[in-house]
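**Student:** Please put together the full structure from these sequences, using the hints given.
Protein chains in written order, with this note's numbering: chain A, 1 to 299; chain B, 1 to 376.
Worth double-checking, as some hints may not be accurate.
[As the list claims (entries may be wrong)] Under the rule of at most 30 Å between Cα atoms (straight-line distance), these lysine-lysine pairs were calculated in the DSSO-like manner: (1) K372/B x K36/B; (2) K167/A x K32/A; (3) K369/B x K36/B; (4) K367/B x K36/B; (5) K235/B x K271/A; (6) K271/A x K170/A; (7) K32/A x K170/A; (8) K293/A x K235/B; (9) K32/A x K294/A; (10) K235/B x K294/A; (11) K362/B x K235/B; (12) K32/A x K235/B.
It is worth saying that the hints were derived from the structure and are not from the lab.
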Amino acid sequence: MDFHLIFQSLLNSFQYAAVLSLSAFAIILIFKTSTTTNFAQGTISVFGAFLTAYLYTNFHFQILPALFLGVLVSFLFGYLVDTQIFRRSRRLTGIGKQMITMGIVLFTVGLMPVIFGNIDLNIAPIIEGVTSFHLFGIDAAFTITNQAILTTVLAIVIIGGLFVTLKFTKWGLGVRATASSETVAGLMGVNTHSITAMSWSIAGGIGALAAILYGPALGGTVSPSFMNGIQVNGFMASVLGGFGTFYGPIVGSWIIAISNNLLGISYPGVKDIILYVLILVVVLIRPIGLFGKKAIKKV
Amino acid sequence: MKTTIKERFNTVWKKFFPHLQKTSKAVGKGALKITKNTYIQFVFMGVILVVLQIIGAKGLLDVSLLRNIGITMIFTIAAIGLYILLGFAGLASLGTAGFVGLGAYLTAFCINNGIAVELALLICIVAAIVLGIVVGFISLRIEGMYLGIITLGLSEILVSLFRNLDSITGGINGMKINDKFYLFKYLFGESIRLGSFPAGRVNTFYVLVAVFVLLLCLARNITNSPTGRAMLTMKNSESAAQSMGIGLLRYRLLAFVVATVFAMIAGFLYMIYMPRIYPSDWTLAFSLNILAVVVVGGTKSIWGFLTGAFMIFGLNNLVLQNIPLFVQNPTLSILFNGALMVLVVMFYPGGFSQLYLEIKYKIQLRKMKGAKAHAK
Chain A
1 MDFHLIFQSL LNSFQYAAVL SLSAFAIILI FKTSTTTNFA QGTISVFGAF
51 LTAYLYTNFH FQILPALFLG VLVSFLFGYL VDTQIFRRSR RLTGIGKQMI
101 TMGIVLFTVG LMPVIFGNID LNIAPIIEGV TSFHLFGIDA AFTITNQAIL
151 TTVLAIVIIG GLFVTLKFTK WGLGVRATAS SETVAGLMGV NTHSITAMSW
201 SIAGGIGALA AILYGPALGG TVSPSFMNGI QVNGFMASVL GGFGTFYGPI
251 VGSWIIAISN NLLGISYPGV KDIILYVLIL VVVLIRPIGL FGKKAIKKV
Chain B
1 MKTTIKERFN TVWKKFFPHL QKTSKAVGKG ALKITKNTYI QFVFMGVILV
51 VLQIIGAKGL LDVSLLRNIG ITMIFTIAAI GLYILLGFAG LASLGTAGFV
101 GLGAYLTAFC INNGIAVELA LLICIVAAIV LGIVVGFISL RIEGMYLGII
151 TLGLSEILVS LFRNLDSITG GINGMKINDK FYLFKYLFGE SIRLGSFPAG
201 RVNTFYVLVA VFVLLLCLAR NITNSPTGRA MLTMKNSESA AQSMGIGLLR
251 YRLLAFVVAT VFAMIAGFLY MIYMPRIYPS DWTLAFSLNI LAVVVVGGTK
301 SIWGFLTGAF MIFGLNNLVL QNIPLFVQNP TLSILFNGAL MVLVVMFYPG
351 GFSQLYLEIK YKIQLRKMKG AKAHAK
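**Tutor:** Encoded structure:
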């Protein structure tokens, strides 16, 4: 195979990987603190993206302030979901909690057209243009959009920052304690309420950031379902990497994004099928995921 | 001598109302027992649905109303499978959309290749059993939320197959049954036409009702049998179940086979009712809706479950679409559904079943109190 083609595919997968890893991180953060898979992750993100597109299209905001407002709204949305709904339903089963997130999906999908109207809303890239460069003495140039570079850098910085926070700050310690056992963490004086509220807010915020940054690559028009594909793959990444650790899903999403593009070279039509089957096989061999920790089961 | 209130109540009851006791016994053998029999209630519901269609065929009811009732029934059938899988065996599945879709595509493929409708159903059931066994084996290895996401992955695989096998499934343009098709062609010739509007749709509706009632009875049979109790034990504690001699392998496979068979029968019915499908019909949202029926409806009572099915699929199409506010803003009904789901799960974790059982209990209590007051 052509070396240029392979390396170009790698470059193409950076933006997708960055967005996917932001989504997967949001999913794992909520999974750890609230023990539920959050189906509303995509929709809460899209809510922020909708606001950004609304301000940008109808009120001619600059994209950057619109982005900040969008992220802020999703941040607050996540906060409200936790304080108003999840705080009151701690004793539910896992399925019940999943159903609540599902209800939030329907609620938000219904709400968005009511607030923002039915017309097409667009998101512009923050940086226009394409960077091209030569490498390894190959004549053909490698190209990557500036937006993709920005997205990748931002995602790495944000996720890196969050990992540092998790490891070295009091809040991070609180999150890790809540993740291992919410009741015991509460007994030890950790304010689990504020921990989960912050987790939901951060998840909402980074989700919205991912949606707004990836919006132009998805065609630029916002619709309530435009993060669905990312969300499903975010779950797949979490399963592949393992729900046990924070870094597992991030690695999983990079694996998925890169192999998705590499498979796309040879098997453009059926790359999803091959990818999902491969994930299925890996998970069958290692049910806890590639980087998962085995949970001890007590009778 | 001390007596409890209950004993005192019983003596008073027996002393003052001998005739009431007699009648209740006598009635219990006759008319009352018939209306209390769940199977007869199911058949009664089926009769009501058939009557609705007869009225509708005369042009007295809106065509889209009947269509929505039909679709609600089909989706409820898929939900019954999950009702057993999740409510009794405790296994979560998000793959329902893929399985229903597979049933629909398989049916279309069979009928387009000249296979009789009944045989197509049989092929669907056999395929469903095979698929159910495969998923059941996966469920032995992967548990809990992982299982939900893995079944979601399976569903995604199936949907991308539907989308990419252009030559068979028609790709994103969807698939339809090309020719006219008939029920029991070998017996009655071309007299009972199924499928498209309007001649076939009425007949298909009757088939739907018949299958619906039959499958409800079957589900009731499974849940009230030793199999259902074994599954319930497995749900509550695997270790306890195993130590009681309940094999996990057998019952997990069985639960998944039941769920996939119901899902693929639903797919079959969807295909012969619509009869056109698209790959975009079978998304995560569809699976979640089916799951929502089971959670909102609850599993303690089948009537509560059916109320849940009506709330998720029926309410929107049958009731809300007739209110002007909702007609102007079509998405408001989705919003309403979502809010309803959140509220029910938050404040009534047992779903409508719990509500139903509580009301039943209160009525009984009131009856007893009334009798007591009467005695004084």
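**Student:** For a quick check of understanding: which of the numbered hints are violated here, in increasing order?
**Tutor:** Hint check: 5, 6 fail, others pass.
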